[in-house]
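Chain B: place on chain A using the hints.
2 protein chains.
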Amino acid sequence: MADSDISMLMADMTARARAAATRLAAMTSDQKSGALIAAADAIRAASDTIIAANALDMEAGAASGLSGAMLDRLRLDAGRVAAMAAGVEAVARLDDPVGDTISRSERANGLVLARVRVPIGVIGIIYESRPNVTADAGALCAMAGNAAILRGGSEAIRSNRAIHAALAAGLEAGGMPADAVQLVPVTDRAAVGAMLTAEGAIDMVVPRGGKGLVARVQAEARVPVLAHLDGLCHTYIDRAADPEMARALAVNAKMRRTGICGSTETLLIDRGFADPAPVLAALADAGCELRGDADVQAIEPRALPAADADWDTEYLDAILSVKLVDGVDVAMAHIARHGSHHTDAIITDDADTAERFLNGVDSAIVMWNASTQFADGGEFGLGAEIGISTGRLHARGPVALEGLTTYKWVVRGTGQARP
Amino acid sequence: MADSDISMLMADMTARARAAATRLAAMTSDQKSGALIAAADAIRAASDTIIAANALDMEAGAASGLSGAMLDRLRLDAGRVAAMAAGVEAVARLDDPVGDTISRSERANGLVLARVRVPIGVIGIIYESRPNVTADAGALCAMAGNAAILRGGSEAIRSNRAIHAALAAGLEAGGMPADAVQLVPVTDRAAVGAMLTAEGAIDMVVPRGGKGLVARVQAEARVPVLAHLDGLCHTYIDRAADPEMARALAVNAKMRRTGICGSTETLLIDRGFADPAPVLAALADAGCELRGDADVQAIEPRALPAADADWDTEYLDAILSVKLVDGVDVAMAHIARHGSHHTDAIITDDADTAERFLNGVDSAIVMWNASTQFADGGEFGLGAEIGISTGRLHARGPVALEGLTTYKWVVRGTGQARP
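The listed protein sequences derive, respectively, from chains A and B. Using the UniProt record's numbering, the first residue of the first sequence is number 1, and each one after it goes up by one. Using the UniProt record's numbering, the first residue of the second sequence is number 1, and each one after it goes up by one.
For the record, the hints were derived by calculation from the structure and aren't laboratory data. Everything hinted at is true.
Here are the simulated EDC-like pairs of lysine to aspartate or glutamate, each with C-alpha atoms no more than 20 Å apart in a straight line:
#1 A:211 x A:314
#2 B:211 x B:128
#3 B:211 x B:376
#4 A:211 x A:312
#5 B:211 x A:199
#6 A:211 x B:199
The structure displayed is predicted, hence computed values, not measured ones.
For reference, chain A alone in the conformation it holds in the complex:
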C-alpha cells in the first residue's frame, strides 16, 4: 500500500476510534462486561473459522521458514481458542476502575474537588506472533473504556483477522461500538510508523514483542509508550538466607520457565552465605549452565567462566551468571549497574537487611524470600496484564486495567469566583 494510503487508513481508523472512545467512556461496568462476555461467546462460536485461518498462517509460516518456537507461538487449536475466550471472560469479571474516586477534598471556599478515574482514550497495541493478544489486549482496553487499534504481526494476519472479526461482532452484539476494537487490516510496516507518530490521535502505544520491536517503538514513537524493556532480574542470597529456601528459590527463579521476563538471569551470593555449593549443584543438576569466575568454579566445577558481557545479558534460557559479593550493599550496587529495573529479589532471614534491599533497589518489583518468576499480572491478582512496564512514569510493573486509565479533576462549586 502507498504511504499516502496508509496515512488515510490510519486517519480514518483513529477518527473512528476516538468516536468509539467517547461512547465507551460513558458505558457502565456492567455494560462493558456484558459486551465482553458476548465477545467471548462469539470467539467460541467462531472456533472452527479461527482455526482454519490459523492453519493458513501456519502453512505460510512453515513455507517461509519460521522457527519451531515461532510456529508454536503462532499455532491455535480448539484448546487455545477456548482459553482465549475464557481469557476474555476473565477480563469481563475484573473490577472496573473507571469512575473510582482516587482522592477527594473540600476547600475552605466550599469547592469540592475529586480525582476520578477515566479511560485514557485510544490505545495502540503493536504485537508479534501470538494471535491470542488480539483478544486479550482488545478485551483489556475495552473493559477499561478505551478504544483499541491493534496491529499484529504479518505472520499471524489471517488468524488475527478471524479472531478480530469474532471479537468485534461479539462486542457490537453486546452493545459496544463496532470500532471499540479495530485491527489494522494491512501488514505494511508503514502502518506501525503511522501509529507511532499519531500524536493526539493515539494516546498511548503498548508494544508487545521482542527486543527488535520494542527498540523500534522506543526509537520512533512520538506518542507515549508503555514499554517493556529487558527483564534482567537478579536473585541475591544473603548471608542470613535459609540454605534450603535459597536452594529452592534459586532453582525456581531460574528454571521454572527460562523464557519469561521474570526469570532470574544473575544469581548474586553473599560471601558470608555458608552453603553456596548445594545451591549451585541443584542448578547444575536441573540442567542450568552456570557462568562465573574462579571462585564460583571452585564451588561448582561444572560452572563455566563468565565474560564481562554475561552480567548484562538477558539469556531467556537455561543459563545463569553467578557472582560472589561482599554483602547486600555490593549486591545492590551490582543490580544498580547491571539490572533493568524489572524484578530483583533477596533471600534472607534478616528483616533489616531485607528492608534495606527492598528500599534501596530501584526496580519495578522488589521481592523478599520469593521467586522472581512471580512477576506477573495474574500472580499479582490483577487478573490479566497488558504488559510489564519497566518505565517509571504512569504505571510500573504489571499493568492491567488501572494502568489503562487516567484521571480527571472534577470540581463542584456553588458559584465561586477566584478572588
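Then chain B, alone, in the frame of chain A:
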C-alpha cells in the same frame, strides 16, 4: 561550548544527579524538610547577592531589547526574593508522598504485595525568564526525593546562578547531597537538546515556558515529558444557569487575570439561557473585547465579528470568543473539537446537565459553577505545582509532589516458589 563538551558536561551532571537521587530516596520526610528550610534561610541570607546578580541580567535584558513584560518577569527585588524563600518553606511543609502505600493485598499463597510511592529519580526542568522557578522547581523535586537538573533561560543566567548557589549551599548545609539540585551552568541551546535525549539518565523533563519552548521539547524529546500545552478553556452557560452567577463567573473566568492558562478563552451560551445580554455587557464593561457571530453582535453591539480561527485561539488577553449553542451536547461537541483538554466549566442549576458535562468533557479539569481561574495547584490544595499537565498519562492537571513520584511493587514472601 563545543557539542562534545556539552555532552561531557551533561553526562557528568546526570551521573552526579543519579548518585544524589539514590541518596535522596533514602532520606526521611523530616530530613528533606529540614534541608529545604535551611535552603530557604540561605536564599534569604543571599538576598543582596541575588538582587545584584539580577540587576546585571536586567541591564543586559534591557540592552538586548527584552519587552517590558519579559523584564518584569525577570525582575527580582527584596520582596520577590523573600517570597521565593517563603515558597521553598511552603514546599518543606507539604505532605511527603514518598513511602505511602497505594495498595496492599495478600495472595492465597501468602505473598504480601504493596505498591509503595518512591521518587521518580532524575528530573530535568527547562524554563524561561522567571528566575523564581530555580527555587520553586528545585525545592519540589528535592522534597519528592528527586535530583533536579535545572536549565533556565539565558536572559536570567546570572540570577539563576545566584539563586542556585544559595539553594544548593543551603540544601547541603541541611544534609542533602550537594548535587540534589544542579543548574546547567551554560546557556548553549545544545544543552537543552542533550537533556531531551538523555534517555535513561534523565527520567522526566518538565518544560515551563511559552509555546516555542514546549513545542521544541515535544518535537525533540526522547525522554518522557510532563507537558503543558495550551489552556484553551471554555465556560458554558446552560439554560438552567442562575443569571447573576453566570454574569459573575463569566467575568471572573475571563478577566480576573487574562494571562494565565486557566483563563476562559471561549464563552458558550445556551440559546435557551434567558439573560445573555447582561453577561456580555458586563464583560464589555470590564474592558473585554468580544468576538462572535451576528447573533452575538445582536445581543451586545460592542461585539466584533469572530473569524474561524477565534475558536482555536488561546488569547491570554482581554479578548473572548462567544458562541450561542443549542444545549449542552452541542457545547460539549464544540469543546471536544476546539478545546485543549485543560479546564472547562459549566454554569447550571440543573444537576443532571452538570453531571452530563462533567462526565462527557474530556479535560484534565472539569468544573461546575466555578471559575476556570481556579485551575491552579495552590487553589487545589496541592501547596505548589511544578506545572499543569495537559497530557493524559502519569499525572493530569495540576502536578505537585505526588506527580513527581512513581511507585514500586514490594513483595514479601516466606519462601514461595512459583508452581
